[in-house]
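Those protein sequences? They're chains B and W, same order as listed. Start counting the first sequence at 51; every next residue gets the next number (the working numbering). Start counting the second sequence at 23; every next residue gets the next number (the working numbering).
Quick caveat, the hints were computed from the structure, so don't treat them as lab data. You may find that some hints are simply not true.
[Claimed, not checked] As a list, the in silico BS3-like pairs of lysine-lysine whose alpha-carbon atoms are at most 27 angstroms apart:
(1) Lys388/B x Lys336/B
(2) Lys81/B x Lys307/W
(3) Lys170/W x Lys237/B
(4) Lys343/W x Lys147/B
(5) Lys122/B x Lys165/B
(6) Lys147/B x Lys378/B
(7) Lys216/B x Lys297/B
(8) Lys347/B x Lys170/W
(9) Lys119/B x Lys413/B
(10) Lys119/B x Lys396/B
(11) Lys385/B x Lys120/B
(12) Lys120/B x Lys307/W
(13) Lys307/W x Lys122/B
(14) Lys378/B x Lys289/B
(15) Lys292/B x Lys81/B
(16) Lys419/B x Lys297/B
(17) Lys268/B x Lys216/B
(18) Lys327/W x Lys238/B
(19) Lys297/B x Lys341/B
(20) Lys400/B x Lys388/B
(21) Lys343/W x Lys171/B
(22) Lys307/W x Lys341/B
(23) Lys389/B x Lys147/B
(24) Lys165/B x Lys230/B
(25) Lys340/B x Lys419/B
(26) Lys170/W x Lys230/B
(27) Lys239/B x Lys120/B
(28) Lys292/B x Lys336/B
(29) Lys165/B x Lys170/W
(30) Lys400/B x Lys170/W
(31) Lys170/W x Lys345/B
(32) Lys413/B x Lys292/B
(33) Lys119/B x Lys307/W
(34) Lys297/B x Lys268/B
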Amino acid sequence: MTKSKVLALLVVAVMVASMFTGCAGGGGEIKIGAIQPISGQVSAYGTQTRDAIQMAVDEINAKGGINGKKIKLIVEDDEANPEKTVNAFKKLVTQDKVIGIIGALTSKCSLSITKEAQQRKVIMISPSSTNDTVTDAGDYIFRACYNDSFQGQVVAKFAQETLKAKNAAILFDNTNDYSKGLRDNFKKKFEELGGKVVIEESYATGDKDFNAQLTKIKGTNPDVLFIPDYYSTVSLIAKQVKSQNIKAPMLGADGWDEITNNAGEEVVGSFYSNHYSPDADDADVKNFVKKYEEKYKITPNALAALGYDATYILAEAIERAGSTDTSKIKDEMMKTNKKFVTGQIKFNEKRNPVKSAVMVEVKKGSDGKLTAGFAGIVNP
Amino acid sequence: MKKNRFFNAITLTVTSASLYILLALLIFTGIIDEYNGQLLTLAGIYVIVSLSLNLITGFTGQLALGHAGFMAVGAYSTAIIIMRLNVPMIPAVFAGGLITAIFGLLIGIPTLRLRGDYLAITTLGFGEIIRVIMVNLEGLTGGAAGLKGVPPFSDSGDFILDAVIKFSWVYGFVIFTLVVVSNLIKSSPGRAIISIREDEIASNSMGINVPYYKMFSFTMSAFLAGIGGGLYAIYFGYLNPQMFGFLNSVNFVVIVVLGGMGSITGTILAGIGFTYIQEWLRIFKDFRLVIFGLALISVMLFWPKGLMGTNEISVVKLVRKYFFKNKNSDNSSSGSPASGESQSEGVR
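Please construct the entire structure, taking both the sequences and the accompanying hints into account.
Listed below in structure tokens is the structure:
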């Protein structure tokens, strides 16, 4: 009993002591924070994005940093959980005193900190939160990706103009905001362009059987089937689509990124919109992919590319501002107009980048592996 | 006897008030920085919900696995009451608690007459149902996109002042919960509740209305969890159905088991520790969740009954022991009822 009491006291003492450990600020460096889901459901995205951010920071530091000051990157894990995001944000801002934050990755996490980032005048650039309302909180909040309303339009435009589709079917997750947003915007644009959405079917996150919905969809004989969800669900749906013998090509959005590593041959011939294509014929893309593959031995996904771009956008704005005054940096952020890995980036008045989207087609390579081939660019 | 009760009440009021002043001052002067202030406040909310769970699981002996669901009901109803009806915060938080209590009552009626693990299964289902309802009631809850713009406790623009105000609110409600739970446990219904945990048949044969007291405890538990949820809503200002998943319910069970089923002090310590250790482990970067798991396992290995078992640390006793050694020696007879925090050493 006494032994355990001593232990308990020790634990309490360590906890209390750690409460008071502050963090000494360095003089000659610029502190930037990153909030990414290193663990949890979307850790595959989070770790790649973190690696890409780290790579960008290392490159900038190797070239002498920003105006002679090195960047110090502090990465915090949010587990894709809004509560943890708020804690990580508080730590970065009040203990580490960062001037800018790259994150969060998922929209719900970003939304939980945008208001406070604006109040505290911390520059926040989310590499990949596509929800339309993320940047609504104010003029310190940016993002490096296009938003859902643009993405839905891109897919609709591609379906009509390139695939010449007249009738579309949609199968979406009605418990997921991302999926619902894409559904709305796809439908709007597709009908605006003269097409018809013949059927809309929905399911809930975590569902495994989609046969009932797919049977109904098959009955309407659509030209394309739009499935706006993440790769893990899509790979399940795709199998059932094939076993129901639905011939219409499947369409998706950036959540399909990584589908080639998660699904079988049934997704060959599908198209999805993405932020970049690693095999695009572009000097910046090639350079980035080469460096990333050398360093981490895998092909970077789109979120990695966005993290890399977000870091450069922020670093260059700080460099142009010539100081760490965030009100100046935010003005310089607005002046960004340059070609990055994921395309030409220029912010509109809502701090969303106006940039082109890439459509990719899932193909089967000569070695039998699935690859995502470049299928075209859709401009805003 | 009367003199004792008065002394206890004074001691507890003075202790809680001075602890409050100390912590508030530390936050205000920046010795506890905003990040730690945030964690302390969050820990307070966790303590409230865990205390409510301890009431049903620890003291009544009925395993409940849906407290995140109750928290969600409290959070959403408080947020909606504030945003739609412009009700001030305190009544809104209590209204949120009451709405949650009604839900608790509705679930309790069919299940609590049964014995065994039915409550665990029903509450588990309830937690999930609530989450799905929140997703689908889009007009009211914002659906999967979440509910944005719940007004905060204070919006003065001074971050430190805001942190102090946030902390004060939550601290006040922690004290409220503490008073309710500990007084309840030491009252006659409380003794009945504990007897149900010890043996249902025996207490039934002693004339205790078992379903009634189970209902009473469960509804009370839901009420307090709803209050915790309401504070959570105001505290974060953003609600998303995914914040109240099954894993969150499990977290509260972990806190209660870790602290000791049926120990108020244990729940408080475990609630603060649980919140704090997760953040403190950030220094281990990628290994933090592994270490966190190991820490939980080792606690259960060394303290199989939780940190405190069913024991309590009594502030009144400590004060007596160290400050009034001589004066009250004649008064400190065992079994004197404390009005606030507990001093029941080993209820079993």
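Determine which of the earlier numbered hints do not hold for this structure and return their numbers in increasing order. 4, 8, 9, 14, 15, 18, 19, 21, 23, 27, 28, 31
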